[in-house]
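S.K.: Residue numbers (my numbering), protein chains in the order written: chain A, 31 to 440; chain B, 31 to 440.
Bear in mind the hints are in silico, worked out from the structure with no lab data behind them. Take these hints with a grain of salt, some might be off.
Stated by the list, open to error - Not everything, but these chain B residues come out facing chain A in the computed CB check (under 8 Å):
#, residue
1, Arg-357
2, Val-359
3, Met-360
4, Gly-363
5, Leu-374
6, Val-389
Built from N, CA and C at the ideal position, the CB exists for glycine as well.
Protein chains: 2
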Amino acid sequence: MAVKRSPLAPRRFPALPEIAGLQLATAAGGIKYKERPDVCLMVLDSGSTVAGVLTRSKTASAPVEWCRAQLPHGRARAIIVNSGNANAFTGKSGETSVRRVVETVAGSLGCRPQDVLAASTGVIGQPLPTERIIKTVKGLARKVRPGEWKSAAQAIMTTDTYPKGAARQAEIGGTMVTLAGIAKGSGMIAPDMGTMLAFAFTDARLPAELLQALLREAADKTFNSITVDGDTSTSDTLLFGATGKARHPRVSDPRDPRLADFRLALEDLLRDLAQQVVRDGEGASKFITINVSGAASRGAARRIGLSIGNSPLVKTAIAGEDANWGRIVMAVGKSGERADRDRLSISIGGVRVAEQGEVVPGYDETPVALHMKGSTIEIDVDVGIGRGKATVWTCDLTHGYISINADYRS
Amino acid sequence: MAVKRSPLAPRRFPALPEIAGLQLATAAGGIKYKERPDVCLMVLDSGSTVAGVLTRSKTASAPVEWCRAQLPHGRARAIIVNSGNANAFTGKSGETSVRRVVETVAGSLGCRPQDVLAASTGVIGQPLPTERIIKTVKGLARKVRPGEWKSAAQAIMTTDTYPKGAARQAEIGGTMVTLAGIAKGSGMIAPDMGTMLAFAFTDARLPAELLQALLREAADKTFNSITVDGDTSTSDTLLFGATGKARHPRVSDPRDPRLADFRLALEDLLRDLAQQVVRDGEGASKFITINVSGAASRGAARRIGLSIGNSPLVKTAIAGEDANWGRIVMAVGKSGERADRDRLSISIGGVRVAEQGEVVPGYDETPVALHMKGSTIEIDVDVGIGRGKATVWTCDLTHGYISINADYRS
Numbered sequence: 031m032a033v034k035r036s037p038l039a040p041r042r043f044p045a046l047p048e049i050a051g052l053q054l055a056t057a058a059g060g061i062k063y064k065e066r067p068d069v070c071l072m073v074l075d076s077g078s079t080v081a082g083v084l085t086r087s088k089t090a091s092a093p094v095e096w097c098r099a100q101l102p103h104g105r106a107r108a109i110i111v112n113s114g115n116a117n118a119f120t121g122k123s124g125e126t127s128v129r130r131v132v133e134t135v136a137g138s139l140g141c142r143p144q145d146v147l148a149a150s151t152g153v154i155g156q157p158l159p160t161e162r163i164i165k166t167v168k169g170l171a172r173k174v175r176p177g178e179w180k181s182a183a184q185a186i187m188t189t190d191t192y193p194k195g196a197a198r199q200a201e202i203g204g205t206m207v208t209l210a211g212i213a214k215g216s217g218m219i220a221p222d223m224g225t226m227l228a229f230a231f232t233d234a235r236l237p238a239e240l241l242q243a244l245l246r247e248a249a250d251k252t253f254n255s256i257t258v259d260g261d262t263s264t265s266d267t268l269l270f271g272a273t274g275k276a277r278h279p280r281v282s283d284p285r286d287p288r289l290a291d292f293r294l295a296l297e298d299l300l301r302d303l304a305q306q307v308v309r310d311g312e313g314a315s316k317f318i319t320i321n322v323s324g325a326a327s328r329g330a331a332r333r334i335g336l337s338i339g340n341s342p343l344v345k346t347a348i349a350g351e352d353a354n355w356g357r358i359v360m361a362v363g364k365s366g367e368r369a370d371r372d373r374l375s376i377s378i379g380g381v382r383v384a385e386q387g388e389v390v391p392g393y394d395e396t397p398v399a400l401h402m403k404g405s406t407i408e409i410d411v412d413v414g415i416g417r418g419k420a421t422v423w424t425c426d427l428t429h430g431y432i433s434i435n436a437d438y439r440s
Numbered sequence: 031m032a033v034k035r036s037p038l039a040p041r042r043f044p045a046l047p048e049i050a051g052l053q054l055a056t057a058a059g060g061i062k063y064k065e066r067p068d069v070c071l072m073v074l075d076s077g078s079t080v081a082g083v084l085t086r087s088k089t090a091s092a093p094v095e096w097c098r099a100q101l102p103h104g105r106a107r108a109i110i111v112n113s114g115n116a117n118a119f120t121g122k123s124g125e126t127s128v129r130r131v132v133e134t135v136a137g138s139l140g141c142r143p144q145d146v147l148a149a150s151t152g153v154i155g156q157p158l159p160t161e162r163i164i165k166t167v168k169g170l171a172r173k174v175r176p177g178e179w180k181s182a183a184q185a186i187m188t189t190d191t192y193p194k195g196a197a198r199q200a201e202i203g204g205t206m207v208t209l210a211g212i213a214k215g216s217g218m219i220a221p222d223m224g225t226m227l228a229f230a231f232t233d234a235r236l237p238a239e240l241l242q243a244l245l246r247e248a249a250d251k252t253f254n255s256i257t258v259d260g261d262t263s264t265s266d267t268l269l270f271g272a273t274g275k276a277r278h279p280r281v282s283d284p285r286d287p288r289l290a291d292f293r294l295a296l297e298d299l300l301r302d303l304a305q306q307v308v309r310d311g312e313g314a315s316k317f318i319t320i321n322v323s324g325a326a327s328r329g330a331a332r333r334i335g336l337s338i339g340n341s342p343l344v345k346t347a348i349a350g351e352d353a354n355w356g357r358i359v360m361a362v363g364k365s366g367e368r369a370d371r372d373r374l375s376i377s378i379g380g381v382r383v384a385e386q387g388e389v390v391p392g393y394d395e396t397p398v399a400l401h402m403k404g405s406t407i408e409i410d411v412d413v414g415i416g417r418g419k420a421t422v423w424t425c426d427l428t429h430g431y432i433s434i435n436a437d438y439r440s
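Hey, can you work out the whole structure from these sequences and the hints?
M.R.: Okay, structure coming up:
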């Protein structure tokens, strides 16, 4: 399959700062891809805390189940990731593979296997080439270095056309802390989960429970508000590690006002990564922002936004640069959420096209048609029921998606 | 847009019998299409009963809302249908249009407007050309004739590539009765509703409440078990009229054993029509049957089947003739229904590919790959939890779907 960089890709991979207490290394294990790194080890100094958001799929992968079992401890010394094979639907042998890989990492770091988290992404249902990964992993612990972000972001890619990374700074009680992360994903991307894989880190010193609360809140507004194709991966994993190297005042209550800036920075970081995932949506030619207001609740607004963002008819219309707002009406109607047909209003590119249940009088499609030709599409929907608001990001559905997915395995 | 007949189409439109007490007529009203019939009038003799299943969309069309208001009476003398314009999201003027059209029909038949049901299908959000339809409708009542099935099926088409019809016979208490119907729909087809438009009739003599119970039951197993793209129309309407001309014993209890044959025939008729809708799915190249068993309930089985049938990744894999069963695992997992990864089994084309949570030992893809090259794909999934069973029908997702929907309006 020809790998053409997404037309919506950022110009370049951003310069990401080192996070004190975090080191990274990658290697080419030959799991599926030839001559490219496909294994990544992330090592955290002892004393680091960790939080995570995992797929709610009932057929979750073996590494997801491993993480689900370990995350309550709130501690991690390492995260081991491979691309090319999801180790999902691989039965007991898949579980054994995870255990053997994390034991190998633990052995080389001198920590407990429970302190090693794991993630895999790629084909479902094929046995993990465990021996090959173990052999690759063995040398990695000696190779870790701070700031190896770009090669890490590359090693976790599958059908991604570019590596994804972002960083932010925030202050906690007058002390600056750093946040940085990487993500991957371009198909099988759907709400209610993290994305396929995303790893974020900070040097802030935050207890695991607090970290989990902050991550869950930020994930709902970011990774859980994007969709490419409505298909939910068996492997969705978002992990957030905190090395505690920054010397800020101790905080432990999620409502502590000194966390306000950090909270914003974390949400901003995850939104950036999540949008990069959407911009690499398989076959995407348009980046679409859907703002829903006037819904019964924030949750209702998000579900309406996702109903629009998941609609094949809305997505193909946008691919065709057709301002077919009737399909947006349809998608609002099928969401199952409360809506009042006669109060619904829709704007595209800032131009009101429909209000009070019908097309605006004297509607001139010219500016809207022009907006549709751009690569960034903005849709505003007011449902006219309440005060719930949410924003959802998605991409269009093109021939590229079909081409990529009709011959992914071959 | 070039209209190429679906490769999954039946050889020809079936010969459908007349239904005593039912007459049909069509005309070209020039609503959207040139030189083809786009208005259809169906006239039932007085004393006929009627039942219906309508879209649950919150942005339902004006004719759907009209039907919702009239159906509780259980009586109908006529159904007036147009294609090319859905009269959806057209505000108060859309309601006025329906009222004026049904009043015109009622006037020409000498019945009450409440006895005239209406359905529209086509573009959403454009005002109905009411005057043109009224003018067309005026002459229609004089033109109705028994057995005009094929032109009726043609008049209700939009992006359909062939007209759809079916008929069955059944006996009630030793007397033969006839059932026949037509349907349309090829995109914006999703579960939990009727299809876009389907009209079935019988000469049986059945009270409206009984008719409604039988229709609801059959619709759940047929029209509510198909999906093309997961998008739910604002116009979905399934109406079933009974003229009462057949001289069978009186029945009124849905549990009456004398209804057994009729019940089977109705389900069979609707399944035939629903499958014809799937076979005309936009861009479809494969007809897919998904049998789910071992689920917690029948409803759970259907939701799992629809999760598979709606998955863009499953549908594109099938378009690519790729037996990528890992995506079926994913779709089961995302359905939200109870499933046990380690008990899940999957067969494709009758060949077991995965069981007990992993690929079958020594799996040989050859016969499965051959099956994928055919135009009829069979998928069996056993969830391993309970005894709930359901069958869902869908089609693949191809470049054709994108081409049709990226330039539908232009």
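S.K.: With 8 Å as the cut and Cβ atoms as the points, is B:Val-389 at the interface with chain A?
M.R.: holds (6 Å)
S.K.: Does the CB of B:Met-360 sit less than 8 Å away from some CB of chain A?
M.R.: holds (5 Å)
S.K.: Per the CB criterion, is B:Val-359 less than 8 Å away from chain A?
M.R.: At 5 Å from the nearest chain A Cβ, B:Val-359 passes the 8 Å test, so the hint holds.
S.K.: Measuring from the C-beta of B:Leu-374 to each C-beta in chain A, is the shortest one below 8 Å?
M.R.: holds (7 Å)
S.K.: Does the closest beta carbon of chain A sit nearer than 8 Å to the beta carbon of B:Gly-363?
M.R.: Result: holds, 3 Å to nearest chain A Cβ.
S.K.: Hint check: is the beta carbon of B:Arg-357 less than 8 Å from a beta carbon of chain A?
M.R.: Interface hint status for B:Arg-357: holds (7 Å vs cutoff 8 Å).
Hint violations for this structure: none, all hints satisfied.
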